[in-house]
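So the protein sequences, as listed, match chains Y and U. Going by my numbering, the first sequence opens with residue 1, and the numbers climb by one from there. Going by my numbering, the second sequence opens with residue 1, and the numbers climb by one from there.
Source of the hints: derived by calculation from the structure; they are not laboratory data. Incorrect hints may appear among the rest.
What the hints assert, rightly or not - Here are the computed lysine-lysine pairs in the DSS-like style, where the Cα-Cα straight-line distance is at most 27 Å:
1. Y/Lys91 to Y/Lys280
2. Y/Lys280 to U/Lys264
3. Y/Lys311 to U/Lys190
4. U/Lys9 to Y/Lys86
5. U/Lys6 to Y/Lys86
6. Y/Lys311 to U/Lys256
7. Y/Lys311 to U/Lys6
8. Y/Lys86 to U/Lys264
9. U/Lys6 to Y/Lys280
10. U/Lys259 to Y/Lys86
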Amino acid sequence: MALTGLQIFKLLPNTNCKKCGYPTCLAFAMKLAAGKESLDKCPDASEEARAALGAASAPPIRGVTIGSGDRAVTVGEETVFFRHEKTFVRKPGLFRVLDPAKVADPEATVARWAAIRIERAGETFRVDGVAIREIPSAAAQCLACADATMKHGLPAIVLAETPDGAGKLVEKLKSHRPLLVPPAGADPGPYASIAARHGIPLVVSAPDLSALASSAAEIVKSGVADVLLEPPAADLPALHRDLTLIRRGALDRVHPGLGHPVFLRVGQGEIEKAVLGITKFASVLVIEDDASETWLPLWTLRQNIYTDPQKPLQMDPGIYAIGEPGPKSPMLVTTNFSLTYFIVSTEIEATGVPSHLVVVDAEGMSVLTAWSAGKFSGDRVGKALRELGATDRVAHHTVIIPGYVSVISGELEDALGHGWRVLTGPQEASDIAPFFRDVWSGYP
Amino acid sequence: MSLNLKPKKWAGAIRQVTLGARTRRPLVVAGGRGLPMHTFEAEFPHRPALALEITDVDPPRWPDAVRQPWDGVVGRPGEAAARAVRDFGADLLMLHLVGTHPDRGNRTADEAVADVRGVLKAVDVPLIVKGPGTGQKQNEVLSRVAEQCAGEGLVLHSACQEDFRTLAAVTVAYGHVLVAESPIDINIAKQVNILLSESNVDLNRVLIDPLTGGLGYGLEYTYSVMERVRLAALGGDTMLNCPVICLVGEEAWKAKEAKVPADKEPLWGDQRARGLHWEIATATPLLLAGADILVLRHPDALAHVRRTIDVWFPQTAGG
Ligand code: B12
Ligand code: SF4
């Protein structure tokens with residue numbers, strides 16, 4: 001729980017020796033409480049004071065890692081309720097449920113999931129891991145699922161039915177740090193001892209939030225360091241309440257049992273639940289639905305919500321080659337907003353025409369936003385083209401600009417100087433193909 | 001240690017705005033006294049309202065997946081309106097006068113009035129009338145509609161910082177409601193409302209359109225600006241506590257992801273369901289960020305969001 005200035009003051013030597021640079025211990029304590037100073041500056045602080053302050057400055061939500069190696073998923077460590085206050089930092093892990101009873105060939109299924117890569121605006125969307133449903137009557141098949149998951153290097157979650165069966169799966173997966181999920185409402189005891197024995201994370205559930213907080217705190221005391229909380233909610237509004245109160249309680253440090261990431265099960269056809277979870281603080285979602293048309297919007301939503309509001313996803317300014325362009329290939333210019341670059345480059349690629357795509361620094365803004373903010377004026381673009389050396393790349397001395405900023409063409413021509421032509425392209429990137437065909441082909 | 005989680009109390013509340021009058025069945029929106037959808041700790045006298053979008057002419061850019069449920073009535077506002085209310089259960093409608101745009105048919109203000117009358121005759125729910133976009137033509141079209149349909153409590157979409165006087169005047173003169181639009185900017189949102197109230201518009205007759213970025217196309221900006229607007233409103237800022245309207249359908253179906261067929265992008269899945277999910281996944285976060293009215297395009301998206309609202313507000317009036 002955060003300490004007040006007075007609480008901290010009581011832990012200090014109270015000698016007012018000024019070695020910390022403050023006239024009194026109290027003044028120093030106030031700065032510590034505000035998070036503006038570090039206790040290291042007081043050479044005489046006791047061990048006790050260090051321990052107390054250390055606990056108080058620990059992140060309000062503990063980080064938990066599932067899996068190992070470069071595909072490991074770390075969640076938690078959030079520090080705000082609203083993303084505009086700072087940013088959300090740890091993207092929720094989206095796991096697919098692998099049901100041994102429904103999947104004939106787990107190896108083929110996991111291989112297919114592991115191969116998915118969708119590039120979007122600077123991020124690669126992938127299935128973050130596999131949640132294996134433990135089915136007591138299909139033990140061999142369950143183990144085959146675990147093998148397939150490990151083979152493809154994906155983090156695993158064990159959705160337990162029985163301590164016995166889950167224990168065997170965990171035994172197999174243990175070097176890969178699986179997350180163990182007891183059946184909701186089950187006695188946590190046997191599962192907690194499996195998790196403690198292998199040092200793996202565990203999901204805690206309870207009939208209400210109060211019980212959830214105390215149960216989580218107890219399980220941590222019993223030796224499981226990493227836990228996730230499963231909200232007790234039965235429907236969407238209750239889930240929203242639980243997610244809200246857990247995050248709020250964790251940030252206000254009202255109870256140590258709330259300072260953990262949240263785990264959520266999403267059934268078939270429950271896209272709203274997944275949307276709610278991703279938008280509002282859930283950290284690990286296990287999703288039954290494996291349809292691409294469900295996952296694409298969820299990945300995209302996660303990308304949106306977890307983008308740092310202070311700095312939009314940006315590309316490095318530069319000249320990007322699409323295909324193998326030469327001096328006769330078209331040269332197009334756009335902004336360094338990742339989304340803009342992603343859309344435009346995809347469309348140019350689809351035309352099959354090798355091109356130079358020049359990305360100029362517009363502080364990560366879209367074309368019209370940048371133009372409105374004065375970051376994509378003719379002068380600025382002209383200067384950037386010269387500085388990047390783009391003007392030396394093409395013999396035809398022609399540059400194609402986005403249709404939405406046709407107004408800059410005169411200024412840009414002036415900025416580039418004699419012999420340069422500015423050609424206004426289409427407004428929508430999807431019209432670049434017909435533009436190449438109908439306009440560019442007759443040009444250079 | 002037992003849990004003591006106190007409900008959050010706020011100084012401010014969102015204004016309640018009545019949409020529709022005279023021949024309209026009035027619909028009151030907003031009035032919430034807490035963070036959006038926080039029904040577990042604050043009072044919400046009205047549930048969020050769901051509108052469907054219809055158009056005066058055949059809108060060239062609607063993908064097939066979203067045209068299909070409107071088959072036979074696309075660009076026939078009266079018939080589309082009847083279907084939207086009777087079959088699809090819309091709480092209110094938005095008639096988008098696309099065809100009045102100088103580049104999209106340049107239909108006249110009188111033709112627009114006839115279209116609006118056709119809708120008013122077909123249904124008795126409140127009506128949002130959206131012009132062709134800021135400028136002289138929009139002012140001409142919307143003022144004629146406002147004058148000819150005086151007293152109907154229409155929702156005029158929209159006025160902005162640079163151009164608000166004409167619509168402010170007809171809103172006051174003919175008893176309508178005005179949407180104040182701002183480009184995802186809390187300061188401009190506030191500024192437009194200040195300008196409107198200085199022009200004698202009662203802010204109890206104003207809605208804020210913060211400008212919607214669709215999923216994958218700026219949703220996060222809209223989301224955060226809406227959260228900030230709502231926080232300011234609940235903190236007591238009476239220039240920002242108007243209900244919020246989001247034009248979801250238009251933005252969601254603009255996305256490439258809603259338009260590309262499955263055979264072109266095999267990893268993207270079924271096109272129809274994908275588009276629908278795009279609309280749902282744009283609408284739901286915006287509800288959580290404070291939307292009081294969502295304007296949707298696909299009736300199945302409306303049905304989904306409706307289900308969410310039904311469990312969330314089982315007893316609440318409206319809808
Ligand atoms: C999200 C957004 C923002 C975000 C910024 C997002 C970002 N990183 O850029 C925020 C909230 C910060 C913002 C701020 C502002 N915004 Co803004 N914003 C938008 C919004 C909703 C979406 C922009 C977007 O992401 N588009 C998607 C990208 C991919 O589009 P794009 O870059 O244009 O690329 C497309 C095409 O241009 C083309 N293309 C791109 N490059 C190339 C290259 C070639 C060669 C070709 C052929 C084609 C091509 O392909 C792409 C797809 O087709 C739009 C409205 C809208 N729905 O479009 C307003 C909009 C762009 N914003 C606008 C304004 C006015 C502003 C502000 C000035 C408002 C203000 N006073 O605060 C500020 C300016 C910023 C500043 N001073 O800091 C106006 C611009 C008006 C105008 N016509 O000039 C718009 C159109 C909204 C409006 N209708 O009023 N904005
Ligand atoms: S250095 Fe430590 S003991 Fe000395 S004044 Fe500062 S806080 Fe007090």
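Evaluation of the provided hints:
1. Y/Lys91 to Y/Lys280: At roughly 12 Å apart (the allowed maximum being 27 Å), Y/Lys280 and Y/Lys91 satisfy the hint.
2. Y/Lys280 to U/Lys264: Since the Cα atoms of Y/Lys280 and U/Lys264 sit roughly 33 Å apart, the hinted pair is violated (cutoff 27 Å).
3. Y/Lys311 to U/Lys190: OK: Y/Lys311 and U/Lys190 at ~24 Å, within 27 Å.
4. U/Lys9 to Y/Lys86: holds (23 Å)
5. U/Lys6 to Y/Lys86: holds (24 Å)
6. Y/Lys311 to U/Lys256: holds (24 Å)
7. Y/Lys311 to U/Lys6: violated (34 Å)
8. Y/Lys86 to U/Lys264: violated (38 Å)
9. U/Lys6 to Y/Lys280: Between U/Lys6 and Y/Lys280 the Cα gap is close to 19 Å, so the pair holds against 27 Å.
10. U/Lys259 to Y/Lys86: Distance ~34 Å between U/Lys259 and Y/Lys86 Cα, so the pair is violated.
Checked against the numbered hints given earlier, the structure breaks hints 2, 7, 8 and 10 and satisfies all the rest.
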